[in-house]
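Enquirer: Here's the letter readout for the chains.
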Amino acid sequence: MNFLRRQLPVVIAFCIGIFMFALYYIPSAPAKAADETLNIWILIISAFAMLLGIDSILGHHIRQVRKRAAGYGYSWALILAFVAMTLAWIPWWRQAQVTGAYYPWGGLENPSGVFSWLFYNMMVPMQATMFAILAFYIASAAYRSFRARTPEATVLLIAAAIVMLGRVPLGSSIGDYVHFGSTWVARHIGLTEAAAFVATTGFMSNFRLETITSWLLNIPNAAGFRGIVLGVGLGIIATSVRIIFGVEKTYMGGGD
Amino acid sequence: MVLRAWERYLLYLLVALAVFLPLIFQFEVWPNIPTREVLGVYDTVDGLTPGDTMVIAVDFDPSSMPELDPMLRALLRHAFAKNLYVIGVNLFGPAGTGIGLKAFNDVGDELGKADGTDYVFLGFKPNLIAAVRALNENISEIFTVDAEGRVTSQLPIIQRTPKLKGNIKYLVDLAAGETVRPWIAYGSTPGGYPMGAGCTAVSFADYFSFYQSGQINGLMGGLKAAAEYEELVKHKAVASAGMNSQSIVHALLVLFIIAANITFLATRRRRGGVA
Numbered sequence: 000m001n002f003l004r005r006q007l008p009v010v011i012a013f014c015i016g017i018f019m020f021a022l023y024y025i026p027s028a029p030a031k032a033a034d035e036t037l038n039i040w041i042l043i044i045s046a047f048a049m050l051l052g053i054d055s056i057l058g059h060h061i062r063q064v065r066k067r068a069a070g071y072g073y074s075w076a077l078i079l080a081f082v083a084m085t086l087a088w089i090p091w092w093r094q095a096q097v098t099g100a101y102y103p104w105g106g107l108e109n110p111s112g113v114f115s116w117l118f119y120n121m122m123v124p125m126q127a128t129m130f131a132i133l134a135f136y137i138a139s140a141a142y143r144s145f146r147a148r149t150p151e152a153t154v155l156l157i158a159a160a161i162v163m164l165g166r167v168p169l170g171s172s173i174g175d176y177v178h179f180g181s182t183w184v185a186r187h188i189g190l191t192e193a194a195a196f197v198a199t200t201g202f203m204s205n206f207r208l209e210t211i212t213s214w215l216l217n218i219p220n221a222a223g224f225r226g227i228v229l230g231v232g233l234g235i236i237a238t239s240v241r242i243i244f245g246v247e248k249t250y251m252g253g254g255d
Numbered sequence: 000m001v002l003r004a005w006e007r008y009l010l011y012l013l014v015a016l017a018v019f020l021p022l023i024f025q026f027e028v029w030p031n032i033p034t035r036e037v038l039g040v041y042d043t044v045d046g047l048t049p050g051d052t053m054v055i056a057v058d059f060d061p062s063s064m065p066e067l068d069p070m071l072r073a074l075l076r077h078a079f080a081k082n083l084y085v086i087g088v089n090l091f092g093p094a095g096t097g098i099g100l101k102a103f104n105d106v107g108d109e110l111g112k113a114d115g116t117d118y119v120f121l122g123f124k125p126n127l128i129a130a131v132r133a134l135n136e137n138i139s140e141i142f143t144v145d146a147e148g149r150v151t152s153q154l155p156i157i158q159r160t161p162k163l164k165g166n167i168k169y170l171v172d173l174a175a176g177e178t179v180r181p182w183i184a185y186g187s188t189p190g191g192y193p194m195g196a197g198c199t200a201v202s203f204a205d206y207f208s209f210y211q212s213g214q215i216n217g218l219m220g221g222l223k224a225a226a227e228y229e230e231l232v233k234h235k236a237v238a239s240a241g242m243n244s245q246s247i248v249h250a251l252l253v254l255f256i257i258a259a260n261i262t263f264l265a266t267r268r269r270r271g272g273v274a
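If you read the protein sequences in the order shown, they are chains A and B.
Counting from 0, one number per residue, gives the positions in the first sequence under numbering that gives the first Met the number 0.
Counting from 0, one number per residue, gives the positions in the second sequence under numbering that gives the first Met the number 0.
One chain only, chain A, in its complex shape (with noise of 0.2 Å):
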């Protein structure tokens, strides 16, 4: 039994490791071959992940619901809503072409049907809803939170205020009534030559919100972006490495 639990599936994680890294570098029909047959045998197994998930929510609720749990009214709420669907998404019996008679069962293929209707009008909506709710989150976290208390939480915080403005019309605009000001003042005040400068060089330009916001999204961004990349990168090998060697076991539950 420890054999089935334990060795096993470790033998059956490094053999198949290494036949699909090796098939990499095996330029031949019958490898390329195996390779596009295990590819989809990963794309079943997945789906059989997802029949996990099913099992894990549902048996997370109904045990809610059995224990009476705080908030246990929102779990009846979820396999209502779940067995809903799923009852309207089975094609009970097929549609009689001829009579065009109404037909509610099936999935989306029946934009007429029961589970159309509550994936459009009910779901989401409700969905486009809760992400729509971050706006406010993020107006009072902003005002909460972004505080110049050390000279990096002031850079951060200039950089955050240019992109957020450098990213909307309003910030190009900022940048035209920015650009109209500074020749009008420099003509106004005798400066002839720096307002003919501005006007016909473009130099302002550089302090538009919009160049500085695609300035800061291509150098500082972009290279810290590319670090964490590369480090990702790194740590999904060396996992691999791990899970191949059998050195890593979380994989397999239990915490043992």
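Simulated from the structure, these hints should not be mistaken for laboratory data.
Errors might be hidden in some of the hints.
Unchecked claim - Computed from the model, here is a short list of chain B residues facing chain A with C-beta under 10 Å:
id	residue
1	TYR11
2	TRP29
3	ILE98
4	GLY107
5	ILE128
6	ALA133
7	GLU136
8	GLU140
9	ASP145
10	ALA226
11	SER246
12	ASN260
To be verified - A few chain B residues facing chain A, derived, Cβ under 8 Å:
id	residue
13	TYR8
14	LEU9
15	LEU10
16	GLY92
17	ALA94
18	ALA129
19	ALA204
20	ASP205
21	PHE255
Positions of the beta carbon are idealized from the N, C-alpha and C atoms, including for glycine.
Here the structure of chain A is known, so what remains is to put chain B in place on it, guided by the hints.
Expert: Below, chain B without anything else, positioned relative to chain A:
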């Protein structure tokens, strides 16, 4: 810092007004000039020859729909106007299928395109990496039926384009999550087709390094990019309508930050350097 109840209500009220009023009372003050990143996608689609096939990956769900659905519709409008064949696929989550299917059918019907011949929406498959690799080799093997339950091998568009590798001229991934990187690594690079991406505004900075390195030739970030694309295809819709709201809300957030910092610095000075 803990907000008092009235402060929180005032913040929420101001944000709500900044969102709703510009949507109710439309005005055109601030021009939305297309950026280089958005032009990258637009110019590539515009440069394709009628009869070419492109793929749009609808890798988002309803939570990101307000930003990415206008982008999808503008892109579809452009592709259909250019008489391109469009294949849609969703590898992010099951909920994305309904959104993609509706957008493809709405824009397709509007521009007189035939479902299954000029365009198809394949639907959802789990495991992004395996799905992308399989799509490159054989579409019908992984998607035996499309999102509407039709056998894909019998659809004219799939008979013309049995696999992505060597057949498609462009791919755009509209991503709500981490889908751009696998599409680059397992789709576009081995498949040899160029790729662009669209994402939510918060993910824009994450994907910018891929744009900078040339792995994607265009990047559309958030509602602003969708509005820019609407301007480019000369069909202003919901994204353009939302630009005034977004401009005012962003300005309001900056004002909140400034006000909060003035309060913070004043408090610190009053307490002798400790806030």
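Enquirer: State for each hint whether it applies.
Expert: Verification of the hints:
1. TYR11: Because about 5 Å separates B/TYR11 from the closest Cβ in chain A, which is inside the 10 Å limit, the hint holds.
2. TRP29: Holds - the Cβ of B/TRP29 comes within 10 Å of chain A, reaching about 4 Å at its closest.
3. ILE98: At 7 Å from the nearest chain A Cβ, B/ILE98 passes the 10 Å test, so the hint holds.
4. GLY107: Result: violated, 13 Å to nearest chain A Cβ.
5. ILE128: This interface hint holds because 8 Å falls under the 10 Å limit.
6. ALA133: holds, 5 Å
7. GLU136: This hint holds: B/GLU136 lies near chain A, its Cβ roughly 6 Å from the closest one there, short of 10 Å.
8. GLU140: holds, 7 Å
9. ASP145: holds, 9 Å
10. ALA226: Status holds, d = 8 Å.
11. SER246: With a minimum Cβ separation of about 4 Å from chain A (threshold 10 Å), the hint on B/SER246 holds.
12. ASN260: holds, 5 Å
13. TYR8: violated, 11 Å
14. LEU9: Nearest chain A Cβ about 10 Å off; hint violated.
15. LEU10: holds, 5 Å
16. GLY92: violated, 10 Å
17. ALA94: Status holds, d = 7 Å.
18. ALA129: holds, 4 Å
19. ALA204: Where the cut-off is 8 Å and the nearest Cβ of chain A is about 5 Å from B/ALA204, the hint holds.
20. ASP205: Result: holds, 6 Å to nearest chain A Cβ.
21. PHE255: holds, 4 Å
The structure is inconsistent with the numbered hints 4, 13, 14 and 16, although it conforms to all the rest.
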